[in-house]
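Q: Read off the chains here:
There are 2 protein chains.
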Amino acid sequence: MIYDGIHMSDHLVDSVLMLGQSNMAGRGDMGQVKPIRNPLCYMLRMGRWQPMCEPVNPDRGIFEGRFRSGISLAASFADAYAKHFGSAVGLIPCADGGTYLHQWMPGELLYDHAVMQTRLAMRTSKLKAILWHQGESDCLSDETVAAYRENFIRMITQLRKDLGAEDVPVILGELPQKIGENWKTGGREQQLNAILRQLAAEVPNCAIASSKELTMKPDGAHFDSPACREFGKRYFEQYLLLK
Amino acid sequence: MIYDGIHMSDHLVDSVLMLGQSNMAGRGDMGQVKPIRNPLCYMLRMGRWQPMCEPVNPDRGIFEGRFRSGISLAASFADAYAKHFGSAVGLIPCADGGTYLHQWMPGELLYDHAVMQTRLAMRTSKLKAILWHQGESDCLSDETVAAYRENFIRMITQLRKDLGAEDVPVILGELPQKIGENWKTGGREQQLNAILRQLAAEVPNCAIASSKELTMKPDGAHFDSPACREFGKRYFEQYLLLK
Chain A
3 MIYDGIHMSD HLVDSVLMLG QSNMAGRGDM GQVKPIRNPL CYMLRMGRWQ PMCEPVNPDR
63 GIFEGRFRSG ISLAASFADA YAKHFGSAVG LIPCADGGTY LHQWMPGELL YDHAVMQTRL
123 AMRTSKLKAI LWHQGESDCL SDETVAAYRE NFIRMITQLR KDLGAEDVPV ILGELPQKIG
183 ENWKTGGREQ QLNAILRQLA AEVPNCAIAS SKELTMKPDG AHFDSPACRE FGKRYFEQYL
243 LLK
Chain B
3 MIYDGIHMSD HLVDSVLMLG QSNMAGRGDM GQVKPIRNPL CYMLRMGRWQ PMCEPVNPDR
63 GIFEGRFRSG ISLAASFADA YAKHFGSAVG LIPCADGGTY LHQWMPGELL YDHAVMQTRL
123 AMRTSKLKAI LWHQGESDCL SDETVAAYRE NFIRMITQLR KDLGAEDVPV ILGELPQKIG
183 ENWKTGGREQ QLNAILRQLA AEVPNCAIAS SKELTMKPDG AHFDSPACRE FGKRYFEQYL
243 LLK
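Heads up: the sequence lines are chains A and B, in that order. Residue numbers 3 to 245, in the numbering used here, belong to the letters of the first sequence in order. Residue numbers 3 to 245, in the numbering used here, belong to the letters of the second sequence in order.
The set of hints was computed from the structure by calculation and includes no laboratory data. Hints are supplied without guarantee of correctness; some may be wrong.
Identical copies carry no separate label here, and so any pair may be met within one copy or between two of them.
To be verified - Pairs of lysine to any residue residues, derived as SDA-like cross-links and limited to a Cα-Cα distance of at most 25 Å, are as follows:
(1) K186 - V205
(2) K85 - F65
(3) K130 - D31
(4) K130 - L244
(5) K163 - H115
(6) K235 - F65
(7) K36 - F65
(8) K163 - R125
(9) K219 - C55
(10) K163 - D114
(11) K36 - S143
(12) K163 - P228
(13) K128 - V117
(14) K36 - E66
(15) K128 - P108
(16) K36 - A148
(17) K130 - L111
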């Protein structure tokens with residue numbers, strides 16, 4: 003098991019599921035913040051726990067492509083979690099950039115992928131949190147904004163059921179306060195943020211992290227790396243309030 | 003679907019499963035070879051097809067760690083495949099460095115992970131090949147070498163059955179002709195290569211790519227990037243012989 007130089011974590015860890023689109027997947031530039039090096043933090047790879055290093059969520063290329071995998075909020079969440087509880091924690095990266103909520107409904111590829119990964123992870127971990135950041139894509143039309151609340155409730159209820167995780171806290175995060183005009187959301191992120199706050203109040207054991215004053219990349223849609231670090235801490239603060 | 007700048011491939015692609023340890027996962031240094039840019043080549047990410055870019059198999063960190071994910075043989079295999087058949091092809095990366103064959107047996111995490119990923123992939127693709135490169139870890143003792151043949155047959159037979167892929171070609175590859183002495187394999191790679199060649203003759207619809215004259219990284223265990231490019235072409239030559 004140590005042939006490749008990696009000591010696997012054989013003991014049980016706490017695990018945290020990452021769901022959503024690009025701002026959960028992470029588009030912060032590598033090198034803009036210091037790497038987080040915490041030997042208690044892991045990430046799921048091929049069903050096994052590996053030492054956490056970013057990019058954690060490899061939904062896109064690292065060295066090529068317009069939107070590259072990079073820094074996300076999950077690493078600073080995991081770091082805060084490990085420091086607070088003094089226990090090992092593993093991230094289950096299942097976020098996928100550019101996706102709509104309808105692609106996350108039960109039976110869809112992204113949903114089934116997440117369930118499958120989490121079930122594998124749960125063989126060697128205890129699921130402790132579900133992190134969700136999604137909705138930018140749904141800001142592209144009034145119809146998708148209008149359908150968000152009902153679809154989210156249906157999705158998250160079924161997900162908790164499928165994972166036997168009815169009591170596992172779900173932490174949402176606000177979309178950027180303002181998405182650049184080139185993305186043509188027409189300011190619907192304000193409506194969707196109101197819906198997300200409503201969901202946090204309505205869904206059992208659910209909270210929402212604020213995106214206030216978080217800085218954006220020049221592209222106008224993605225949190226920059228320092229913002230991701232801060233956002234992960236805010237997610238963890240909300241997590242603690244639910245615990 | 004194009005919010006994040008990525009156009010998904012909605013049509014069916016041919017798919018290729020990557021199994022094994024570090025020399026399938028890929029440890030060739032990035033930058034030592036030209037990137038392969040072929041719009042017909044994809045890789046599975048979160049159950050969906052994304053444009054192929056290396057590292058394809060994210061079993062380890064990219065920017066940190068002793069053994070980093072890098073160039074593997076799979077990209078030049080996919081490139082050769084797409085060029086030969088003129089069809090889109092997607093890689094399903096399931097290799098994991100440093101692993102023993104016993105970790106790949108049915109019911110183990112790596113096996114179940116690979117089945118799960120491939121089943122997701124097969125919703126939008128037709129599985130056309132299974133690529134296997136593994137065995138370095140098993141060279142560490144006489145017992146694991148002795149058990150290899152029987153365990154491999156049991157594993158691959160069950161895998162084909164679980165995937166409904168009884169007729170899908172399986173391509174093996176020789177281990178490095180000589181692994182560095184620091185790895186303490188005691189030259190058992192020669193015995194294991196003989197077993198792999200025997201398996202290629204014995205297992206239905208199976209072939210083996212030679213590792214002769216492939217160049218190694220200074221670490222003595224991993225093929226370098228130019229060798230990976232060449233090895234992928236050899237895998238594809240063997241694939242064509244079976245078709």
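Q: Look at each hint and say if it fits the structure.
A: Going through the hints against the structure:
1. For a Cα distance limit of 25 Å, the shortest separation of K186 from V205 qualifies neither inside one copy, at 29 Å, nor across copies, at 56 Å.
2. Taking the shortest Cα distances, K85 and F65 sit within 25 Å of each other only across copies (23 Å), while inside one copy they are farther apart (31 Å).
3. Taking CA atoms no more than 25 Å apart as the test, K130 paired with D31 passes in neither setting, with 28 Å inside one copy and 37 Å between copies.
4. Taking identical chains as interchangeable, the C-alpha atoms of K130 and L244 lie at most 25 Å apart only when both belong to the same chain, with a minimum of 11 Å there against 48 Å between chains.
5. Proximity of K163 to H115 under the C-alpha cut-off of 25 Å is found in both arrangements, the shortest distances being 15 Å within a copy and 21 Å between copies.
6. For a Cα distance limit of 25 Å, the shortest separation of K235 from F65 across copies, 23 Å, qualifies, whereas the shortest one inside one copy, 27 Å, does not.
7. Proximity of K36 to F65 under the C-alpha cut-off of 25 Å is found in both arrangements, the shortest distances being 19 Å within a copy and 12 Å between copies.
8. Both within a single protomer and between protomers do K163 and R125 lie at most 25 Å apart by alpha-carbon distance, with minima of 17 Å and 24 Å respectively.
9. Proximity of K219 to C55 under the C-alpha cut-off of 25 Å is found in both arrangements, the shortest distances being 21 Å within a copy and 23 Å between copies.
10. Proximity of K163 and D114 under a CA criterion of 25 Å is satisfied in both settings, with 13 Å inside one chain copy and 22 Å between copies.
11. In the homo-oligomer, the alpha carbons of K36 and S143 never lie at most 25 Å apart, since the shortest distance is 37 Å inside one protomer and 41 Å across protomers.
12. Taking identical chains as interchangeable, the C-alpha atoms of K163 and P228 are never at most 25 Å apart, the minima being 35 Å within one chain and 48 Å between chains.
13. In this homomeric assembly, K128 and V117 come within 25 Å of each other (Cα to Cα) both inside a single copy, at 14 Å, and across copies, at 23 Å.
14. Within a single copy, K36 and E66 get their C-alpha atoms as close as 22 Å, and across copies as close as 12 Å, so both meet the 25 Å cut-off.
15. Both within a single protomer and between protomers do K128 and P108 lie at most 25 Å apart by alpha-carbon distance, with minima of 22 Å and 23 Å respectively.
16. With identical chains, the CA atoms of K36 and A148 are never at most 25 Å apart, being 40 Å at best within one copy and 47 Å at best between copies.
17. For the homomeric pair K130 and L111, the shortest alpha-carbon distances inside one copy (23 Å) and between copies (21 Å) are both at most 25 Å.
Comparing the model with each earlier hint shows violations of hints 1, 3, 11, 12 and 16; every other hint is respected.
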